[in-house]
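Visitor: Chain residues, written in single-letter form:
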Amino acid sequence: MASHAHAATTGHADGHDAHEHHHYTTTGLDHRKIAIWAFIGSECMLFASLISTYLIYKGKSLVGPFPHTEYVNEAGKVFKPILDIPVTSASTFVLLMSSLAMVLALQAVQLKGTPLAAGAGWWQRAERSSQLWLGMTALLGATFLGFQAYEFTSFVHEGLTIKTNLFGSTFFTLTGFHGAHVTVGVLWLMMLLWIDRTRGLGPKDELIVDICALYWHFVDVVWIAIFTLIYLIQ
Amino acid sequence: MSHDTKHAEHAHPTGATYLKIGLILTIITAVEVWAYYIPALVASPLFNPALIIMSAAKFAIVVLFYMHLKYDHKLFKALFTGPLIIAMGTITALLFLFGKVKL
Amino acid sequence: MATIAQPSHATHVGASAEQTGIWSWITTVDHKRIGTLYLWTALFFFLVGGLEAVMIRTQLMRPNMGFVSADTYNQLFTMHGTTMVFLAVMPLSAAFFNYLIPLQIGARDVAFPRLNAFSYWVYLFGGIFITLPILFQVAPDGGWFGYAPLTSNQFAPGPNIDFWVIGLQILGVSSLAAAFNFITTIINMRAPGMSLMRMPMFTWMSFVVQFLLILAFPPITVALFFLLMDRFFGTTFYAIAAGADPLLWQHLFWVFGHPEVYILILPAFGLVSEVLPTFSKKPLFGYNVMVYSGIMIGFLGFGVWAHHMFAVGMGPVADSIFSLMTMLIAVPTGVKIFNWIATMWAGEVRFTVPMKFAIALIGMFTIGGISGVMHSSPPADLQQTDTYFIVAHFHYVLFGGSIMGIFAGIYFYYPKMTGRFMNDGLGNLHFWLNFIGMNLTFFPMHFSGLYGMPRRIYQYDSGQGWDLFNMMSTYGTYLLVVATAVFVWNFIRSRSTGAIAGNDPWGAATLEWSIPSPPPEYNFAQIPEVTSRYPLWDLKDPKKTAGIDHSHADAMTITDAHAVPVHEETERHTAKELGIPMPFSTAKPLFTAFGMCTMFSGLLFLRNDMFAVAMTVTLTGAAMLIGGLISWFTAPLE
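Residue numbers (numbering that gives the first Met the number 0), protein chains in the order written: chain A, 0 to 233; chain B, 0 to 102; chain C, 0 to 637.
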């Protein structure tokens, strides 16, 4: 049966009899994991539409501020190129590291209960702490949101709002959509952390951590695309 | 069931692998940002393609390893790559239609 | 198994006591009941959309009629299109997705029963939200395509378009949620032995449609979000004065809009692919090719959208590419037509009412398809675009195709859903009135269109050669009213007076016919193991399926411990008696759907600068949504 070959990915991995307690599924996979991948497929089109719009309107704004070039308005006021590459590089790094923490959180949940080898060091112990990595992921995600809040407010102070020009409309909407996804992800992670603290997450809960992780990594890869296409390419 | 031979073949990477991947991602990002600050590179016609390739590499690494698509059921590969191809095609077609890329 | 077999005509005998009454419908998570809700609601909206069409046609009956004002006319044609696409044809298809997919694949429900209920309630509330304004003359008036910047504040300052933007956003949530659900259901809940290439053709076409839904709705969600931001928060996405491109909306809309066309037609293709083999007593001709052509149509459907925009001047390269792609997509569609004809060829054809509708689909859709290929050529399209020729074309594919297919499906599956046949005489009357009325309405539009009559005009002068054709179209519409009245009468009356139908009244081949009509709450007392595409014909008439692949020499061999051979179930029990766990009934999906719609509708108050009211309504809705979700996810399913 194909279902058994893939038991490890479906939350059935905790014992021989687990299969008996679950509904029969054709592929042996859990419904929720199929649904989240279909959802991620759909999200590809959502961000494709947003990114396309940003790129289509790139360089079409009639007034500044502009992302990569200086703008002088009729009154002679100078607007510097508005994108802050150092700050965004830092936030990009933070989000990348959150993906690392997320994958370690999933591993910690899978490893829970397996005995530590004798003489295991701090890292082996840390690898088994799902709370540490879930908390770390949420914290890094929140830090990213903090960077974004700082970026948005400083742009507004420099004279770029969602109404200013095409760049403002498309930029705030695209990154705002992404930020909303990160926010949902942080809340989701905090819920998992809460479950972990109250009843403990173990290998049998692999699936619920896995689907959150898939969502989180997807939000990260979207940012990888955004960082290059919006921030770095001029 | 979790330790049968089939599962062993599909073993997930270990924590060390994840750390290495994190390092690779960081290095690529550092190279991208570094290139941004070298005017000669930015002026080069290869700048944009190079950045897009690096970004695509990071994208692929995260999807294959962190989202463990490389090790997972082929169904998930289909559920992701099908829509991704249509999404990429749509972006390309739209950019062409609005004169952002030329044939 | 000691229970005495109930006669299968006992419509309500199988249902347990707690399953009747309005509350049972509000809290239902049973895919069959949700399918029934979809069916009734969508038929209601079909009548609403039809009424709007009658008013449009009455206004156009003679030159310079004054039946309605120009403003009302705009609202009527906008709501006719919006209603028929989003509130009638799509949900009628959804009714069949809900009712049939689990039965055809041998499952007891969908993958996420509560999400399924949520989809329905969101559809109902969204439908009401977008339909009510027409009673107050503030209905959307920008066309079903809502071209921005025409729909931006500058040109549409009233609340009309607000209802459209928010309403479609709500309806999109319903379609997306349902699509994720059905994708998971079809992938993961097929009975043992039902490989993908053994699925009934309706399930296959539905499977393709779900992917079209999840990929086509995000672009329109984004386009609508931009419009919403422009209208309520002053962004510049469609503001030409700020440098915006007037084609952005058109492209994003048609990236959605063209796959949407296939979302509307493929379920009907699936339905007739069930009807034709049954009444020809032959397996579907070229099953594999039918599957592949369906997938091809779905895939190519994402590469043809700009053929709706040849007139905007995209340049020779773009025009050529999209023209070629459009001609290419006619190939898999044509393949289907020929396969249906070959299915009937040399079969023992029985001309029942569903069969007549199915054959009508083949003929009428072919006419619409051919006129479609005509304007796939940009030079021809430049003559035809925005004329009644286009109206004729897409009504031949949507009425002659989708609606004919859906009627075939309704007459075919009515006995399964209710346990009774629809009246045959009335059915035949409906068919002929419908068939003649449809052709009388839409065929003359080819001529008025080629004579140059533009779409969306509310009056026209005499002496342009359009008068006769418009008169014919209007009388055709009145004939369709009579036809629809006959149908509605038949549909309602037959529930209590129709002839009794057993498990398998038509001698069909797929799993849904192996269980009582109407099916018990658990569908299958024992999940069958499937060994071919036509399990019931294997059982009853193996000669018919001799040429079909079977997995075992003996079609009744069992390889899965969870399953039993394909069999007929005639006894009725309750799920409790059989020890089958069923999902709990719950009103949480309804509550959550209501919260979400409330949240969206708060935006309406921004129009009048009622910021505090808007915030209150939106936050109340959001609180209901979040509370509903938390309570939903923390409650066990069964």
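If you're looking for bench data, these hints aren't it; they were derived computationally from the structure. Quick caveat, the model's predicted, so the values are computed rather than measured. Hints may be right or wrong, so weigh each one.
As the list claims (entries may be wrong) - Each pair of labels, with its calculated beta carbon distance range: (1) Ile-26/B - Gly-201/A: 31 to 39 Å; (2) Lys-76/B - Leu-327/C: 21 to 29 Å; (3) His-156/A - Gly-314/C: 40 to 48 Å; (4) Val-30/B - Gln-382/C: 50 to 58 Å.
What the hints assert, rightly or not - Here are the computed lysine-lysine pairs in the BS3-like style, where the Cα-Cα straight-line distance is at most 30 Å: (5) Lys-69/B - Lys-79/A; (6) Lys-69/B - Lys-203/A; (7) Lys-575/C - Lys-280/C; (8) Lys-101/B - Lys-19/B; (9) Lys-76/A - Lys-162/A; (10) Lys-99/B - Lys-203/A; (11) Lys-73/B - Lys-111/A; (12) Lys-76/B - Lys-111/A; (13) Lys-59/A - Lys-101/B; (14) Lys-19/B - Lys-111/A; (15) Lys-203/A - Lys-575/C.
Virtual Cβ for every residue (Gly too), placed ideally from N, Cα, C.
Visitor: For each hint, tell me whether it holds in the structure or not.
Guide: Now the hints, each set against the structure:
A C-beta distance of roughly 35 Å is found between Ile-26/B and Gly-201/A, which places it inside the suggested range of 31 to 39 Å. Restraint check, Lys-76/B to Leu-327/C: a C-beta distance of roughly 27 Å satisfies the suggested window 21 to 29 Å. Restraint check, His-156/A to Gly-314/C: a C-beta distance of roughly 42 Å satisfies the suggested window 40 to 48 Å. At roughly 55 Å, the beta-carbon separation of Val-30/B and Gln-382/C lies within the given 50 to 58 Å, and the hint holds.
This hinted pair does not check out: Lys-69/B and Lys-79/A have alpha carbons roughly 44 Å apart, beyond 30 Å. Between Lys-69/B and Lys-203/A the alpha-carbon distance is near 22 Å, which keeps this suggested pair within the 30 Å criterion. For a cut-off of 30 Å, the pair hint linking Lys-575/C to Lys-280/C is broken: about 38 Å separates their Cα positions. Taking the CA atoms of Lys-101/B and Lys-19/B, the gap is near 39 Å; set against the 30 Å cutoff, the hint is violated.
Taken as a hint, the Lys-76/A and Lys-162/A pair is honoured in the structure, with Cα atoms around 19 Å apart against an allowance of 30 Å. A hinted pair counts as satisfied when its Cα atoms are at most 30 Å apart, and Lys-99/B with Lys-203/A does not qualify at roughly 50 Å. Annotation: proposed proximity of Lys-73/B to Lys-111/A holds, straight-line Cα distance about 27 Å (limit 30 Å). At roughly 28 Å between alpha-carbon atoms, Lys-76/B and Lys-111/A fall within 30 Å of each other, so this suggested pair holds.
Restraint check: the Cα-Cα separation between Lys-59/A and Lys-101/B comes to about 18 Å, which is no more than 30 Å; the hinted pair holds. A C-alpha spacing of about 22 Å is found between Lys-19/B and Lys-111/A, which places the hinted pair at or below 30 Å, so the restraint holds. Between Lys-203/A and Lys-575/C the CA atoms are separated by roughly 29 Å; this keeps the pair inside 30 Å, and the hint holds.
Taken one by one, the earlier hints fail for this structure at numbers 5, 7, 8, 10, listed in ascending order.
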